[in-house]
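K.L.:
For chain D, the structure is supplied; the task is to place chains R, F and S on it using the hints.
Residue numbers (the UniProt record's numbering), protein chains in the order written: chain D, 1 to 316; chain R, 1 to 316; chain F, 1 to 316; chain S, 1 to 316.
What the hints contain is simulated information worked out from the structure, not anything from laboratory work. You can take every hint at face value.
With a cut-off of at most 16 Å between alpha-carbon atoms, the simulated EDC-like pairs for lysine to aspartate or glutamate come out as follows: (1) R:Lys283 <-> F:Glu73; (2) R:Lys136 <-> F:Glu291; (3) R:Lys104 <-> R:Asp78; (4) R:Lys4 <-> F:Asp279; (5) S:Lys136 <-> R:Asp233; (6) S:Lys136 <-> D:Glu291; (7) F:Lys283 <-> R:Glu73; (8) R:Lys136 <-> S:Asp233; (9) D:Lys136 <-> F:Asp233; (10) F:Lys136 <-> R:Glu294; (11) D:Lys283 <-> S:Glu123; (12) D:Lys4 <-> S:Asp279; (13) D:Lys40 <-> D:Glu58; (14) S:Lys283 <-> D:Glu123; (15) R:Lys131 <-> S:Asp233; (16) S:Lys136 <-> D:Glu289; (17) D:Lys176 <-> D:Glu188; (18) S:Lys283 <-> D:Glu73; (19) R:Lys131 <-> S:Asp27; (20) D:Lys136 <-> S:Glu289; (21) F:Lys136 <-> R:Glu289; (22) R:Lys283 <-> F:Glu123; (23) F:Lys131 <-> D:Asp27; (24) F:Lys4 <-> R:Asp279; (25) F:Lys136 <-> R:Glu291; (26) S:Lys131 <-> R:Asp233; (27) S:Lys131 <-> R:Asp27; (28) F:Lys283 <-> R:Glu123; (29) S:Lys4 <-> D:Asp279; (30) R:Lys290 <-> R:Asp184.
Computed beta-carbon distance windows for the label pairs: (31) F:Arg134 <-> S:Trp23: 46 to 52 Å; (32) F:Pro280 <-> R:Lys290: 40 to 46 Å; (33) F:Lys288 <-> S:Leu126: 49 to 55 Å.
Cβ coordinates follow ideal geometry from the N, Cα and C atoms, glycine included.
Letter by letter, the chains look like this.
4 protein chains.
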Amino acid sequence: MQKKLAKLGHVALVTPNLEKSHWFFHDVVGLNEQKREGNKIYYRGWADFEHHTLILIEGKEAVLDHIAWKTHEAADVDYFYDKVEKAGLSPSWVPEGEEAGLGKAFRFKLPTGQVYEIYYHMERPLAPEGKRSRLKNQVFKSFDHGVSPRCIDHVNFNVGNPSESMKLHEELFGFKVREYIQLDNGFEMAYWTSVTTLVHDLAIMFDEAGRQNRLHHTAFYLDNFQDVARAADIFKENGIELSLAPGRHGISQAGFIYAIDPGSGHRLELFSGGYHIYDPDWKPVLWKEKELAEGIIWWGPELSPTFLAESIGPKE
Amino acid sequence: MQKKLAKLGHVALVTPNLEKSHWFFHDVVGLNEQKREGNKIYYRGWADFEHHTLILIEGKEAVLDHIAWKTHEAADVDYFYDKVEKAGLSPSWVPEGEEAGLGKAFRFKLPTGQVYEIYYHMERPLAPEGKRSRLKNQVFKSFDHGVSPRCIDHVNFNVGNPSESMKLHEELFGFKVREYIQLDNGFEMAYWTSVTTLVHDLAIMFDEAGRQNRLHHTAFYLDNFQDVARAADIFKENGIELSLAPGRHGISQAGFIYAIDPGSGHRLELFSGGYHIYDPDWKPVLWKEKELAEGIIWWGPELSPTFLAESIGPKE
Amino acid sequence: MQKKLAKLGHVALVTPNLEKSHWFFHDVVGLNEQKREGNKIYYRGWADFEHHTLILIEGKEAVLDHIAWKTHEAADVDYFYDKVEKAGLSPSWVPEGEEAGLGKAFRFKLPTGQVYEIYYHMERPLAPEGKRSRLKNQVFKSFDHGVSPRCIDHVNFNVGNPSESMKLHEELFGFKVREYIQLDNGFEMAYWTSVTTLVHDLAIMFDEAGRQNRLHHTAFYLDNFQDVARAADIFKENGIELSLAPGRHGISQAGFIYAIDPGSGHRLELFSGGYHIYDPDWKPVLWKEKELAEGIIWWGPELSPTFLAESIGPKE
Amino acid sequence: MQKKLAKLGHVALVTPNLEKSHWFFHDVVGLNEQKREGNKIYYRGWADFEHHTLILIEGKEAVLDHIAWKTHEAADVDYFYDKVEKAGLSPSWVPEGEEAGLGKAFRFKLPTGQVYEIYYHMERPLAPEGKRSRLKNQVFKSFDHGVSPRCIDHVNFNVGNPSESMKLHEELFGFKVREYIQLDNGFEMAYWTSVTTLVHDLAIMFDEAGRQNRLHHTAFYLDNFQDVARAADIFKENGIELSLAPGRHGISQAGFIYAIDPGSGHRLELFSGGYHIYDPDWKPVLWKEKELAEGIIWWGPELSPTFLAESIGPKE
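So that you can see chain D by itself, here it is in the shape it has in the complex (with noise of 0.2 Å):
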């Protein structure tokens, strides 16, 4: 049987404001601070168990930095850097020390310009006293500031070949396509893939230009709706600009809502709801071309025709 990825782990942005980023995701958004580390904040939602889902770091350009992905064995490791290295995209360990908390680990990038970290090992603190939940099955306080999305959920990004870059992670990683989208033309422009029973751990879109290391966002989760309308109420309170306004996905069924880091540009999704697919005989679902539109926008705000377009990369 082909080993596949145990989740996704976290994700690391660069961002050219460092603190007012870090007003966004911590003050505003909630996410709680576990680490100052030279250019880098680590930070993770209150029942994130691993010592990080997110990392800011201080750069030049908001570009993504790199998304990691825990293996389900400490052997799987090595496991995946052969296959990665036989795939011919040079994997190389990250230094130790590179990244708090972080045990053995390597780093490639792909085709399409993204950088993924492989790990097993990574620590598991205890929230600090005062911050700590009184819930053994759970990290820091809840409701402790800001809007508190649970934990981390997904990631999205842009490639210039979806079909291509789906394939890849199948073969290399055991992602499984969900939900997609093909055109009537045959283009198949979209897909939502999970290695765990989420519809996404990650979704591909198409980016037109093919340029590299494009991010379309990064996805946090929320318990419920009505905590989606009050993450819309702070944010506005707070003077933040809606990407998208709440609503609900067609594909996924989640919940959402679209914020934009003031200090970096990054667009943040808070998740909510959704399904699992504990069906091992799943059928992908496809979505056609006359069907995309409620596919994406279920009932919410208009789509803008160049919403899934809109990715974030390095300036060229």
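P.N.:
Only chains R, F and S this time, still in chain D's reference frame:
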């Protein structure tokens, strides 16, 4: 002290397709049918204590038939009859049997064409066995079918001269301005006004063409925004057109969704939250032209520039 | 027509541990601090327009200091002064500067020992910059910290003879009975009564011992039951004792949670939903002895038989 | 690597009053009827993709008939048949036609008396026209009638020796312990265990008497706690006994309500929220004797000391 009306009683709408409108308001929206008689069906929400808060009347075209207001005392009906007569608005008594459940009442036409009915006595029947709430302070079981709103909330119509209409409502009936929009040129374009603690029992919008008997929408109340999201799910599953996707108004602070009755084209708002004004020294809240957009949509769908003007009325 | 009061203004509570009570009402409950002066701290919810709706006063023992009611007009303060004086209840004017923000006002002691304050003028300050809502019809930002209730809702106290107290409230101040409990022996044990459209601004419960100046609880308003659940999460994380776990009352239909201020033992209710009475011909809802249990708890925690009697007052 | 089961498929319950149980599970709870055949009715939630997740069987007494588990692959059915046989648990193939929609499957009795069914093939019919969701990733319309839960969630039963039963589930089927209770004397009293990312597909509680074939409850999933409150409203309006009023478990973090089927006495949980375990290096969460009370009820109704022991099974 000037007498004022007690509350919005009900709205009567003409529909060219009674059965389709019944399917919408009863099966989908989930109002309770109280009575069928001739070409009329009477409805109410599960916590509307009076005989009806909505009447559908089969007729040639979709128009407002009348809006009914309840007085504080029986004697006030005569008081307001005189006042309306002195204002030259030609009231006439409603013939007995014309409207089910109704006691002594008169009707008259506003200068802007909408017909008002003023009454005090209205039957307050229990719900039929099997549909009756087990709660002593509630009428029908809640969440029995469809969206299931609690009660009528407000009505919203368009007139050629909002200030003039507002003044008439103040002088005749004791309405107070709660919030309003004033454009940069000084023109007062819209009023949210009430005789109760609600921000509005009535909203008066501008109709550029100054047409007669325009109606913008009728609103029923939902207890929370999660129920607004559930309403959106139910509307979408039933193929109902959303006139405006869920969001929050700045003015009134209400969570909202607007849907179109496919039998008539009448617009229904399901309205949630909002605030009450208990302060007798309330100062009307002014929204200036540059604040108008956030006043109408605090967060939610993009506002069509014509939304406020999209009223329904007699074909000319 | 008899004059009636306009609304509940605020409640002032004495606490033997001001800082711990401040931690509870400010940090955990999330009320906004308006002013500190001497041994007093003034608070309000994010949509309380007047200067304060809660005062905490440091003092020897946890007792009710006073309950304040606002009149409809400035002249009504004198009107009620006379009425109270004629009723033999010895009103006295509040010295200027005694209470921040307050205009002309008098206080008197009810025959049951609770002190009432009657006022019309109260400052309506904006929230300080940085905490001020961007909404023109709101004061503070909502969900800024803690549970974050909207506004004051009602007060509930115990007296030796509820009928007598109810009668006094009707005759002096125009309160109307909205719902009440009558035991099989004819004894009317509890009233929910209001001068507004709320089911109750005031609830009057029975105190078997007929003690002076008993207070059962003060209630603030939450917009929905999801926020009640969130309040429960926040209370538990902060080690707050729940006096009654979340549930729904039959009487008033409200979603509720009750918590205890660890600094004083005062009981706070967070109250959500409920209904408004717009009908002037409302007939008080009678709950008989056998209906009492579902009237108090429609669904939720089992009712302790002594819950209604567990009031707070001066040690004897 | 040891093979594990894929997911909980369905639960089959015997009821002495099929029509009354149908009224409860269909009309009140809002499950969708898939098929009636002989003395059986098959149901599923609006997002259960397989033919059924609940079977009601008319019979002499209210007992568990069987619990069905789906394998990851078709070949796994034979694999587990052998494994069960080697364990001396006497599997037998389910005769064709015995259960609607089911492919090749076998059943066997646990040492504790509960019958398990192991299958891979199950029909995945579309919902009938008119009841079919317009969403391509959903089966039935949601919120069509009754409470309307999304899907089956878990099952909970009592055994004489929880550790022994837990060990058997680990060794035979790959279940992992997620949370558990250990008393001061070292006795492990209860396990929450899963083969999916859920905290539990199965909970194993203690039955002091060590009786055969005890069932504590079957659980279906609701998307949020507001829907749990709505379920409480619907149950109360229909006179349904609440076995446990709404609250939140510490263990699993789930919002809950428990109700009793008046036709059989079977207990249903509606379960909301909770968390998923994506971490392969999850360390089972231990709840000690002194933490047990908050583990069972984080907030909500007072726990009856016998609640966990109140299972249903054959009369002796």
